[in-house]
Amino acid sequence: MRCRGIAVGLLLAGLIAPGAGACNDALCTRSSECDEGFVCTPEARCEPAPDASASGGVDGGGVDAGTPSGTPDASSLDAGPPDAALPDAGIDLDADL
Amino acid sequence: MARTRLARAPLLALALTSALVAAPARAGGDEDDGPPITSLEGRVGYGLAFGGGSGASSQRASGVTMTALVDQAVIEAPWTSIFGGIVAEGYGHGAAGVLVGARVRPSRGRLRIAGGAVGLLVPRTLFGPLASVGGCLPIDGAFGICLDLEAQLFVTGTDLPDERVAGQAQAVLGIAFDAL
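For the record, the sequence lines run as chains A and B. Taking the working numbering, I'd label the letters of the first sequence as residues 1 to 97. Taking the working numbering, I'd label the letters of the second sequence as residues 98 to 277.
Bound conformation, chain A alone (with noise of 0.2 angstroms):
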């Protein structure tokens, strides 16, 4: 009701377009707005924030999904020198030779 009576009161002085909106306090606009350890998502509603399960989840997630993405493009790079060195070395001992 409160909302709903300022909504009114701005829609007239037209800081407000009608209808861009419904008025409900239940719904948030800012994680600030919301109890602490919530967050406010898309949805426009406070949800426990997902520190705990997103910096395991996210981080962890980021870091195991990264690390074997990276690690055969590592390993591949490694594994390419030897192979070009050995050729390398056999062309100029048979050439000295």
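Honestly, I wouldn't trust all of these hints.
The calculated label-pair distances, taken between Cβ atoms and stated as ranges, are [to be verified]:
#1 185/B <-> 35/A: 17 to 25 angstroms
#2 205/B <-> 35/A: 46 to 54 angstroms
#3 237/B <-> 38/A: 42 to 50 angstroms
#4 43/A <-> 220/B: 17 to 25 angstroms
#5 35/A <-> 218/B: 15 to 23 angstroms
#6 43/A <-> 172/B: 43 to 51 angstroms
#7 172/B <-> 49/A: 25 to 33 angstroms
#8 187/B <-> 48/A: 22 to 30 angstroms
#9 35/A <-> 237/B: 41 to 49 angstroms
#10 43/A <-> 171/B: 41 to 49 angstroms
#11 222/B <-> 42/A: 12 to 20 angstroms
Stretches of chain B that chain A covers, calculated by requiring three or more beta carbons in the stretch to come under 8 angstroms of a beta carbon on chain A [unchecked claim]:
#12 156 to 164
#13 219 to 225
Partial list, derived from the structure: chain A residues whose beta carbon lies under 7 angstroms from chain B [claimed, not checked]:
#14 27
#15 30
#16 32
These are computed hints drawn from the structure, not numbers from a lab. Just so it is clear, CB atoms sit at the ideal spot from N, CA and C, and this is done for glycine as well.
Chain B: place on chain A using the hints.
Just chain B, lined up with the frame of chain A:
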């Protein structure tokens, strides 16, 4: 009964703002003092917060915004001043930050139009533009009472949900002190 009073409050604010803005037109040539060169202003704002972007749009009652401003005139015609100050939010959630901007008083009268930027810095960040229109009425000597309708739009910051913007539209009541 209390709800009825709350619902009427913004209408009263609107009426007062209109009266302040209309005052220069009625006063006409009686305005000889002009706006202050330097003024200090304490303000309290309350209104509607809104959010939009991806997901659902939302509107709700805003927190109470308290602001302390210093306003310094820099151009005489049209009368233009720059302002800066600190802002704090309470009642529902707490935040603090700074705002800067410029005001134009088209007729050197009570009507003033402002544009600027606001940045909330703690505990989370929010940044965006602001705009306001309103006026001040002298009440006693160097003091005046001001009422503005102000809109702030937050477009970036850690307090925003992903891919969303937020903002607030408020009626802002202030006490101004004409320092110079």
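Okay, residue 43/A versus residue 220/B on CB: inside 17 to 25 angstroms?
holds, 23 angstroms
For the pair residue 205/B and residue 35/A, does the Cβ-Cβ distance stay inside 46 to 54 angstroms?
For residue 35/A against residue 205/B, whose Cβ atoms are near 48 angstroms apart, the range 46 to 54 angstroms holds.
Is it true that residue 35/A and residue 218/B lie within 15 to 23 angstroms of each other by Cβ?
About 21 angstroms separates the Cβ atoms of residue 35/A and residue 218/B, which means 15 to 23 angstroms holds.
Could you check the hint for me, namely that residue 43/A and residue 171/B are 41 to 49 angstroms apart, CB to CB?
holds, 45 angstroms
Quick check: does the Cβ-Cβ distance between residue 172/B and residue 49/A fall within 25 to 33 angstroms?
violated, 47 angstroms
When the nearest CB of chain B is found for residue 30/A, is that gap smaller than 7 angstroms?
Holds, about 5 angstroms.
Verdict for residue 222/B, residue 42/A (Cβ pair) under range 12 to 20 angstroms:
Hint holds: Cβ distance 18 angstroms, inside 12 to 20 angstroms.
Are residue 237/B and residue 38/A spaced within 42 to 50 angstroms by their CB atoms?
holds, 46 angstroms
Would you settle whether the hint for residue 32/A is holds or violated, based on the nearest Cβ-Cβ distance to chain B being less than 7 angstroms?
holds, 4 angstroms
With 22 to 30 angstroms as the target window, see if residue 187/B and residue 48/A comply at their CB atoms.
The hinted range 22 to 30 angstroms holds for residue 187/B and residue 48/A, with Cβ atoms some 24 angstroms apart.
Range agreement (Cβ of residue 35/A with Cβ of residue 185/B, hint 17 to 25 angstroms):
About 20 angstroms separates the Cβ atoms of residue 185/B and residue 35/A, which means 17 to 25 angstroms holds.
Does the stretch 156 to 164 of chain B contain three or more residues whose Cβ lies closer than 8 angstroms to a Cβ of chain A?
holds (count 5)
The structure does not agree with numbered hint 7 stated previously, though it agrees with all others.
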